[in-house]
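Undergrad: Using the sequences provided together with the hints, build the complete structure.
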Amino acid sequence: MEIIITDLTRFSNPEIVCIAGINMVTNQCIRPLPYISVADCKRLNILPGNVINGDFTKIKNIENPHSEDCNHTKLNRVRICDSDEFQELLDGDLVGSISEGFGYDFPEKGKVIPKDFTPTKSIVTLKINTRNIEIVKDGFKEGNIRLNLLDNDGKRFSFLSITDLGFYNYAMKHFHDANFPQIINDFIRRQESIYLRIGLGREYQGGFWLQINGIYTFPNFDTEIRSYS
Numbered sequence: 007m008e009i010i011i012t013d014l015t016r017f018s019n020p021e022i023v024c025i026a027g028i029n030m031v032t033n034q035c036i037r038p039l040p041y042i043s044v045a046d047c048k049r050l051n052i053l054p055g056n057v058i059n060g061d062f063t064k065i066k067n068i069e070n071p072h073s074e075d076c077n078h079t080k081l082n083r084v085r086i087c088d089s090d091e092f093q094e095l096l097d098g099d100l101v102g103s104i105s106e107g108f109g110y111d112f113p114e115k116g117k118v119i120p121k122d123f124t125p126t127k128s129i130v131t132l133k134i135n136t137r138n139i140e141i142v143k144d145g146f147k148e149g150n151i152r153l154n155l156l157d158n159d160g161k162r163f164s165f166l167s168i169t170d171l172g173f174y175n176y177a178m179k180h181f182h183d184a185n186f187p188q189i190i191n192d193f194i195r196r197q198e199s200i201y202l203r204i205g206l207g208r209e210y211q212g213g214f215w216l217q218i219n220g221i222y223t224f225p226n227f228d229t230e231i232r233s234y235s
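The working numbering puts the first residue of the sequence shown at 7, with every later residue one more than the last.
Mixed in with the good hints, there may be bad ones.
[As the list claims (entries may be wrong)] Pair by pair, the computed Cβ-Cβ distance ranges are: (1) THR63 / GLU209: 15 to 25 Å; (2) ARG208 / ASP144: 18 to 28 Å; (3) ARG85 / ALA45: 33 to 43 Å; (4) ASN59 / TYR234: 33 to 43 Å; (5) GLY145 / ASN33: 34 to 44 Å; (6) ASP192 / THR126: 35 to 45 Å; (7) GLN34 / SER103: 28 to 38 Å; (8) LYS143 / GLU114: 21 to 31 Å.
Everything labelled a hint here was simulated from the structure, so no lab data went into it. The beta carbon of each residue, even a glycine, is placed where N, CA and C say it ideally should be.
TA: Below is the structure:
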């Protein structure tokens with residue numbers, strides 16, 4: 007089965023990453039497990055927008071919300087999809103808001119879904135106005151960045167964790183630049199569209215916490231963010 011990579015997510019362990027992608031025919035989201043080593047990702051050049059092929063099988067008795075989990079074998083990169091194809095894929099997976107996507111009415115500035123309200127999925131795609139997001143420095147942890155957003159339903163979300171590997175690596179390199187993060191915010195606001203891949207982490211302290219798995223701008227993107235340089 008072929009999937010287009012939509013999520014390349016970092017862990018505290020820098021040796022592994024979580025990838026996820028969507029099958030172009032079924033629109034099924036797949037998260038290959040076990041997690042992929044960074045070395046293998048670099049070797050196969052697995053990046054958002056790349057098409058990979060593999061044998062994927064649903065994990066038996068998987069618990070919600072991480073219904074996308076699949077065992078995998080024989081991963082190979084097939085090709086790079088063009089910008090229009092990638093945007094069309096994201097458009098086909100859109101939800102109107104974060105609350106709608108996860109079926110949970112988040113309170114203002116909420117970040118966690120209690121385990122008692124476990125949704126049926128752990129990743130959604132959101133398209134919002136480019137002026138309704140802001141990337142900010144994490145004031146508590148060196149090199150970390152967070153995201154503030156005004157959702158389409160009028161709810162505000164503050165200081166969401168950005169687990170997008172490309173954005174993390176970019177932040178680590180430029181964190182102390184005088185114009186960071188303003189330079190990346192200005193770039194985003196010059197674009198026509200922005201899509202967010204919003205995920206739920208594994209259960210922690212009785213709930214599933216929101217995280218930003220992917221940030222994608224159209225028609226242009228920052229090549230430094232979408233590379234292993």
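Undergrad: Evaluate each hint against the coordinates.
TA: Each hint tested on the structure:
Range check, THR63 to GLU209: about 23 Å between beta-carbon atoms, so the 15 to 25 Å window is met. For ARG208 and ASP144, the Cβ-Cβ distance of about 21 Å falls inside the hinted range of 18 to 28 Å, so the restraint holds. At roughly 22 Å, the beta-carbon separation of ARG85 and ALA45 lies outside the given 33 to 43 Å, and the hint is violated. Taking the beta carbon of each, ASN59 and TYR234 are about 20 Å apart, not inside 33 to 43 Å as hinted.
Separation of GLY145 from ASN33 is about 39 Å and conforms to the stated range, judged on CB atoms against 34 to 44 Å. At roughly 38 Å, the beta carbons of ASP192 and THR126 sit within the given window of 35 to 45 Å. Between GLN34 and SER103 the CB atoms are about 22 Å apart, so this pair departs from the stated range of 28 to 38 Å. Evaluation of the 21 to 31 Å hint for LYS143 and GLU114 yields a pass: the beta carbon distance comes to about 23 Å.
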